[in-house]
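**Q** Protein chains in written order, with our numbering: chain P, 60 to 323; chain S, 2 to 452.
No lab work stands behind these hints, which were simulated from the structure alone.
Please note that the accuracy of each hint is not assured.
Claimed, not checked - Take a look, some chain P residues computed to stay more than 12 Å from chain S by CB distance:
(1) M238
(2) E255
(3) M261
Said to hold, decoys possible - Quick list of in silico lysine-lysine cross-link-like pairs, DSS-like style, CA-CA up to 25 Å:
(4) S/K241 - S/K92
(5) S/K100 - S/K241
(6) P/K79 - S/K144
(7) S/K241 - P/K65
What the hints assert, rightly or not - If you only want the chain P side, here are some residues facing chain S, beta carbon under 8 Å, derived:
(8) E72
(9) S76
(10) I157
(11) L307
Glycine included, C-beta positions come from ideal geometry on N, C-alpha and C.
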Amino acid sequence: MFSGIKTLFSYRELLFSLTKKELKVKYRGSALGFLWSLLNPILTMLVYSFVFSIVLRAGIQEFAIFLICVLLPFNFLSNSVNYGTGSIIGNSNLVNKIYFPREIIPLSIVLANFFNFLLELAALFIVLGILRYPFYIYLYLLPIVIFIQFFLVVGMTLLVSALNVFFRDLQHLITIIMMVWFFGTPVIYPLSMVPERFQFIMKINPMTIYASYYRNIFYFVKYPEGAGFPSVTETLTALGITLLIFFLGYFVFKRLEPRFAEEI
Amino acid sequence: MNGAGKKHNGERTRKSGNDTAVAVESVTKRYRIHHEKIPSLKQTILKLKRTTYEEFLALDNVSFSIKHGETCGLIGPNGSGKSTLLKLMAKIIQPTSGKIMVNGSLSALLELGAGFHPDLTGRENIYINAAILGMKKKDVDRKLNDIIGFSELERFIDMPVKNYSSGMYMRLGFSVAINVNPDILLVDEVLAVGDQAFQAKCYKVIYDFMKSGKTIIIVSHDLETISDLCSKVIFLRDGKIIDMGKPLDIVSKYRAYIEELEKKRIIEQQRAERKKIFKTVIEGNRKVIDGEEISRLSNLSIDGETINRFGSGDAEIINIGLLDKSKKAIDYCSYGDEVRLVYKVLFKQDVEGPIFGIRITDYRGNIIYGTNSRLNSIRTGVFKKGDEVTVTFSFKVTLIGGEYSVSPAVGYNDNKTYCDWINNMFSINVIHRNVAEGLADLNPDMSIEKK
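So here's chain S without its partners, still in its complex pose (with noise of 0.2 Å):
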């Protein structure tokens, strides 16, 4: 009933008492997926073949309410039924069953710069985008110094858009989107606009919206952004509601859900990689270190393709993996954890006073850390060809969360010249506890006082 539009629809249920904005009552959606990709006129007509289909149950018995004034977030991970929800309260799909009633006018922000048209210029765009978007002309007539100077193109307006990057093309479109002034505000994802400093311009927006009583939802990925804007938040699993409330409680309560699914994807990962290494690895290559199992034979032989290695050869690093303090293989570990990184090295030559080093980087290719023994004034000794050598580093994870690549080497005593150093042999995960973000742990103690 109340499509964009329509204010003074929407003004009226207000004034009579009314505060629920959305009402979603036990909305239940299915989608078709087609297994053949549309069905053809003459299949229909013969009925030649029956098309087969499965559902998907997108959304699952869904109910909740919004009041106006009520900045609501939904998160969930990815085909969780947020962006459905999004559709059916903007009506661009209808629920299978259930209700959903909307009191106010609506404006949709689900893609920017929807239904501009490249050859036309971005004023012309303007217009259409704006009636698009439900707005009178007159209105836009009035608005449209406002639109372009927020959107920054002036000099760029009479254009076609088809010459703007992609950054210009979303700020118009953005631009546009907030000028619409609806009740009822529905984002999905587009506050990433442009640099940051028009960012900022959109969030103050945003803000300023929120102030003016108006009601949003926003689907984000983006935690920081939902529990700094929200008043209210949604977690949506598998198309049904897992929780709702206070933004810091859901968005905690979805971060451990997170991290604990981040850890299985990466458990399996590895347990899927090490199968396929298992697969190709050199016999000598099976071999256990001190009676400890190994966690990753990362076997040269199949990693050659990938991984930058060089040296003389007179010493070859064989093996490497991650150890926990009970000298158990482990596949992750997690901040504050005591570890131990190891790696055997085989000589094929005699060398005197060779040097063991490890490097650490970040999926930047930036340097985390770097040692070796001579660094560490441990002197090494003469090796003899067919010796094997197992180093080790002890330490304690204080490293943020994320995936680490380690690179170990084996030099000559002379500092310059090596045997054998392979880049990103290995890699560490750090399950993310969220302590800290950046390069380094600086481990504060963190006060704060009032007088």
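This is chain P alone, in the form it adopts within the complex (with noise of 0.2 Å):
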């Protein structure tokens, strides 16, 4: 594991090089450029805030923001996992061609959503300031819990992109349970609302204790009638199971990696 991250780190400069592609060929061609990348979560926001404020009438406050300030690192799981998926398969020409260590290919993905994600927090950063949102009180805590969120997306995303080598079906499956792991994470509904006898398996979940901390930071400094961090033990088992799914990716991921060029 050591040696791997040395030799990673000596093709850092190709890591930045196909983050930095991506990122271009995403926005390349299109005149509102990274814009896009802020209307997805917007229009998502909007049309959940049309559902739950008024249809359902669940009675959250500003319930956009309350969305919103989950959505945004959930969507960096996701995109991250649902690109990452076919990107071994889908550079095949570069797999096939020519050696470098294969984990670059999903970790660029990562980056590039990393980096999209870093961009619309920064958008959400105005917007609470518009509006008057106390964020910074414990903003101190985001880099941490961004951090270790980082770990559980690199390892979601090199397991699947290594098992989809071998296992082309679970392009289409991982649509689904990432739509799945979406609603059984407190995105669109607070933790509370969830039955006493199932809150234990949904902590289970370690992206339910992110967002619990997400939802924090942002959103319960200016409503705080809802509002309480995890529990040192919550915490500690999300970030065990964290821990578990990057080294496990990691491991499945460098397992496969050799078999890779013969399998594509």
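Two chains, two frames, some hints: make the complex.
**A** Right under this line is the structure:
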């Protein structure tokens, strides 16, 4: 693992180069460029706000902010996993012809999405500032949560990108899995709405815990009635599961990597 | 260990006195060929159906080593394991057993412009492609003008590469690749890039590379290039090393092997064709001319689709063949053989003084030779309805190796209109002896004198 990181470090320029390529290709030829990536969460936010505030009347104040501050980190996960699944196969011309550590391909996808995520957060800060949210109170926690979630995203993306080379139908399955994960994470609803007996299961999902952190950092600073950070045990469990997924993803990837060129 | 971009590592190894650049030790590579495309997740998890596969032995216990500064050529027929070997050396795939050691930084030119993205400009793609090949960004910055200059694409460099022609695309790919400057370069049939002038430039780069003491390993089917460039040649067949050593010896061995293979192929092909023809042959066509068997009964009813034929039909060419000195039908001939080209004509009407001729063309349609009875001052006389005539051309084969087609004709004595003309009715296969190239055999006496 250590030598793996060392090799990866020597290939960092390639990693950044491919990340830049991902971003460039995504926004090349569209006049709005990066704004498109903001449009997606904004539209999602509008739709859900309409459904939950006007149709279902869930009674959550400023639902749009309630939603978006968890939607953005969740999109970082789901976009990375969705795009990452086919990334090795999609780059078969590279994998077949040139040697470099293959994890660079899914990692460049993660980094490109991470970059988007950060830009979206910057936009969120502006909105929060205008709406006078005191988001600076717990802001010091944000880098830590993002850092830990990053490992979860990397682990998942490595795992699915490697497995997809051998089981092509994972590509279709993963969309469904990510949808289940989305509804299994308190993104569009608060965890407190979930019956007590299900909460335990939901807390095994590390994204539930991270969602709670994001929401406390951004949203509950203005509406403290629902506030409350996860307990230390819950946080450590989420961290443990995250590291488990990260190492699983890494080792599965490294195990299967030598056979990539033959299988695609 | 020594991936691209880790130059210092390679140099250290070289200083320590190890002059081996690449060592391949009893390497075996087996590929699995799945019968179904890719097993699905369902099948694998539930083991509903055991996926079946065949193993293909691409390399069978291969060992050799290449010293620093050597230029080594890998030759062999398709599927002999050359490209597999390159991929193994480049670490793209792993050997099933055995070891490969590489001393020094290595760059593999297995495909030019790998990773080019069509929507990005030439300049942007240079950076990405160079990074993929293991170049540092600051090195690319420094060499950018060289790269663009070499590719001769100055005017197009800020245009998306999707607008490039395939030649431009390859040129840009090659320009990036040669600027990576590794200790060991693997090249797989990528030298045929661009026009003549650009190719000459490519070869010069490779020569310079050799002169500066770098190691090159080339896979090519172009034997001229191989014997030109290489200091050592390895001949592979069916995953085994048949022979290795001095280029001229090995290349001529390989040529002999190809020639043998080509002969077999031609015989097989003609046997198959003849079988097909015999199946549908018309009764009258199975006759024998002068007690000689005709090698190929080019039956007109089946060739009608492909053969362009014209004429009045007062006389019909009914079959054609090639015979050797002893009047035996032959499938192919070699340079220098004495052969007889024979065709048979059946007269349907009385014709006075017809002209019998042949025309031989090469595969491009160039007329190599043509003659007729009038040009040979032969008076043919009167032929009655029902007469069968055998026309024979005896000659010594002075054709350069290849396939030639023969168009026989029977014309009226006005030398303008025809009873029957069949384009490309028959083909002559001349076995390659590698005596010359071109169209005509000048058969020169060659001498070289020194003062």
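**Q** Each hint should be assessed against the structure and marked as holding or not.
**A** Against the structure, the hints:
1. M238: P/M238 is indeed farther than 12 Å from all Cβ atoms of chain S, at 18 Å.
2. E255: The claim holds: P/E255 sits with its nearest Cβ about 34 Å from chain S, beyond 12 Å.
3. M261: Nearest chain S Cβ is 26 Å from P/M261, so the label holds.
4. S/K241 - S/K92: holds, 20 Å
5. S/K100 - S/K241: holds, 16 Å
6. P/K79 - S/K144: holds, 21 Å
7. S/K241 - P/K65: violated, 37 Å
8. E72: This hint holds: P/E72 lies near chain S, its Cβ roughly 5 Å from the closest one there, short of 8 Å.
9. S76: OK, holds: P/S76 within 8 Å of chain S, min 4 Å.
10. I157: holds, 6 Å
11. L307: With a minimum Cβ separation of about 17 Å from chain S (threshold 8 Å), the hint on P/L307 is violated.
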